[in-house]
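Undergrad: Those protein sequences? They're chains A and B, same order as listed. Following the numbering used here, the residues of the first sequence are numbered contiguously, the last one being 455. Following the numbering used here, the residues of the second sequence are numbered contiguously, the last one being 135.
Simulated from the structure, these hints should not be mistaken for lab results. All the pointers check out, no bait thrown in.
Capping the alpha-carbon separation at 20 Å, the derived lysine to any residue pairs in SDA-like fashion look like this:
hint, chain 1, residue 1, chain 2, residue 2
1, B, Lys44, A, Pro44
2, B, Lys41, A, Arg238
3, A, Lys216, B, Glu60
4, B, Lys41, A, Pro215
5, B, Lys44, A, Asp43
6, A, Lys385, B, Gly115
7, B, Lys41, A, Pro242
8, A, Lys216, B, Gln123
9, B, Lys44, A, His251
10, A, Lys216, B, Lys44
11, A, Lys216, B, Tyr120
12, B, Lys44, A, Ala214
13, A, Lys216, B, Ala122
14, A, Lys385, B, Asp116
15, B, Lys44, A, Val360
16, A, Lys385, B, Ile114
17, B, Lys41, A, Thr241
18, A, Lys216, B, Val42
19, B, Lys44, A, Glu365
20, A, Lys216, B, Cys43
21, B, Lys44, A, Val367
22, B, Lys44, A, Leu243
23, A, Lys53, B, Tyr120
24, A, Lys216, B, Lys41
25, B, Lys41, A, Ala239
26, B, Lys41, A, Ala214
27, B, Lys44, A, Ser254
28, B, Lys44, A, Pro366
29, B, Lys41, A, Gly217
30, B, Lys44, A, Glu252
31, B, Lys44, A, Asp358
32, B, Lys44, A, Arg364
33, B, Lys44, A, Met361
34, B, Lys41, A, Leu243
35, B, Lys44, A, Gly362
36, B, Lys44, A, Gly359
37, B, Lys44, A, Ile257
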Amino acid sequence: MREFRMVSVAGILGYGYPEASLNAALERGIDMIGCDGGSSDPGPYYLGAGKPFVSLRALKRDLRLMLRAAIQAKVPMVLGTAGGAGGEPHLQLVAGMVRDIAREEGLHFTMALIHSEQDKATIRTRVREGRTRPLGRAPTLDEATVDRAERIVGLCGPEPYMRALDAGAQIVLGGRSSDPAPFAATVMRAQLPPAQGWYAGKMLECGAAPAAPKGPDCLYVTVREDGVICEPMGDRACTPLSVANHSLHENSSPIRHVEPGGVLDTSDCRFEQVSPKATLVTGMRWEPAGTYTVKLEAAERVGHRAITICGTRDPLLIRQLDEVLGIVRALVRSKAADLGIGAEEYRLTIHTYGRDGVMGAREPVQGTNGAHELGFLVDVVAKDPDTAAAVIALARTSMLHADFPGRLCREGNMAFPFSPSDLTAGEVFRFSMNHVVVPDDPYEMFPIEYERV
Amino acid sequence: MARIRDIAKVCKSKNAGPFDLTIDVVFEDDATFERVAATGVLSPALFARLYGVAEQDVLFTPYPAGRAFKATLPRLIPAGDIGDTDVYGAQQHAPLLEVDVPT
Chain A
3 MREFRMVSVA GILGYGYPEA SLNAALERGI DMIGCDGGSS DPGPYYLGAG
53 KPFVSLRALK RDLRLMLRAA IQAKVPMVLG TAGGAGGEPH LQLVAGMVRD
103 IAREEGLHFT MALIHSEQDK ATIRTRVREG RTRPLGRAPT LDEATVDRAE
153 RIVGLCGPEP YMRALDAGAQ IVLGGRSSDP APFAATVMRA QLPPAQGWYA
203 GKMLECGAAP AAPKGPDCLY VTVREDGVIC EPMGDRACTP LSVANHSLHE
253 NSSPIRHVEP GGVLDTSDCR FEQVSPKATL VTGMRWEPAG TYTVKLEAAE
303 RVGHRAITIC GTRDPLLIRQ LDEVLGIVRA LVRSKAADLG IGAEEYRLTI
353 HTYGRDGVMG AREPVQGTNG AHELGFLVDV VAKDPDTAAA VIALARTSML
403 HADFPGRLCR EGNMAFPFSP SDLTAGEVFR FSMNHVVVPD DPYEMFPIEY
453 ERV
Chain B
33 MARIRDIAKV CKSKNAGPFD LTIDVVFEDD ATFERVAATG VLSPALFARL
83 YGVAEQDVLF TPYPAGRAFK ATLPRLIPAG DIGDTDVYGA QQHAPLLEVD
133 VPT
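If we strip away everything but chain A, and leave its shape as in the complex, we get (with noise of 0.2 Å):
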């Protein structure tokens, strides 16, 4: 039976993975090796800012081992998502890594860069055309959502991987990309069915997540005509029911996974132990959409954030916490009118650990419940850094010293742990679009650049 290897080094590059691991798939044989560079989930401001959310010294040390396996190997090797967010800093960080590794280790190679970031004129565009969707709550995109966007982009498909590789580039790194696609990309071009290289995709993005015990580890997949068969390097195994419930990770249903192009119908799938570390899936479907949709992500700048943070141990103060919160946020306002600085120019948050400090409006649990003391962070956001510490230090004060009814401690409500109390925490974005775009092909949004390293 036709069969093609893949290995995934790693969930995100620069998380980490025993190069033990990866030796072992070089010694199984591998037709490619991939890695998912990237994600959405540690928020808004690395898209935003440019930057990576893992260090350089250990995105380099994943991607010197994975550089020198696919080299030796003789295999392509794809990195989705390069550098955290793919947006166009992250990818030239990468690539500029990539050239260092090579020149360090005499690696010579032909690379593909792949672009995600989208040009704003092109999407405000599209959006005069009506090609564009809204997801899920979001309202229809407006083009003044384009302009405030700091970075847009777009989350590419196989198609532009596997037209890099057909050109004869043995390592691409692409832009920001659907998690699977880099991998699903190398199946299809095998002439192995979509479904299955999907469903690869699906595993391999999250590197040994789908065998148990989880850990940082390399996933080896073999892909068959009839199904995928998942099994992680190190010690551990994919069982029937880690491999199923990977399918929970990270997603809106186990059974409908959207994807550019189509759907990945897992709803049929059966799971079956093969080896003592191996499971063969089969039944998965790939239902082609009648329309070809890309996913846009966006953040956009909303400003600047200082933070304190403190804690109370007085049962007075514990016991009116609303009131005295009130007391400090009044404080705060009149104070900051003194400045010249208005309500609207900054956003005093306080979360309170010990009470909802972790699930806010969504506490179910009533009040402080007994606490015999409490935990403040105290986050002003604001448009430039000098607003945000100039409120932060107000914010600060009007905790330690707010009078309230009763109050015994009357030289300080609040215990702060550090000098200075007052930190800054840089600059603040937030996600600004969950919208599709109807592009006229798989391509347009994501120009291919070759270099021979």
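Chain A is already provided as a structure; the job is to place chain B on it using the hints.
TA: Chain B in isolation, oriented as in the chain A frame:
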């Protein structure tokens, strides 16, 4: 009566993209999954009540192959926006732990 915390093998939450939260409950064996499914306690209405959202905003999927139930619903605040308390959405499962399933 048995609480989810006493009979589930896994009970977890996570982002499903920046705007949605997804909650999974997994049981140890087919028998437990089938017994819980038969009670009808895990339902869109339950998640709507626990998380304060409209029932039509809950995508609820029983998943026998994984002995699991999944519910996906809107986040209170998009991941990382001002006022968000849980960027990864990883600590929003607790209300489910206390749910009683008639046995």
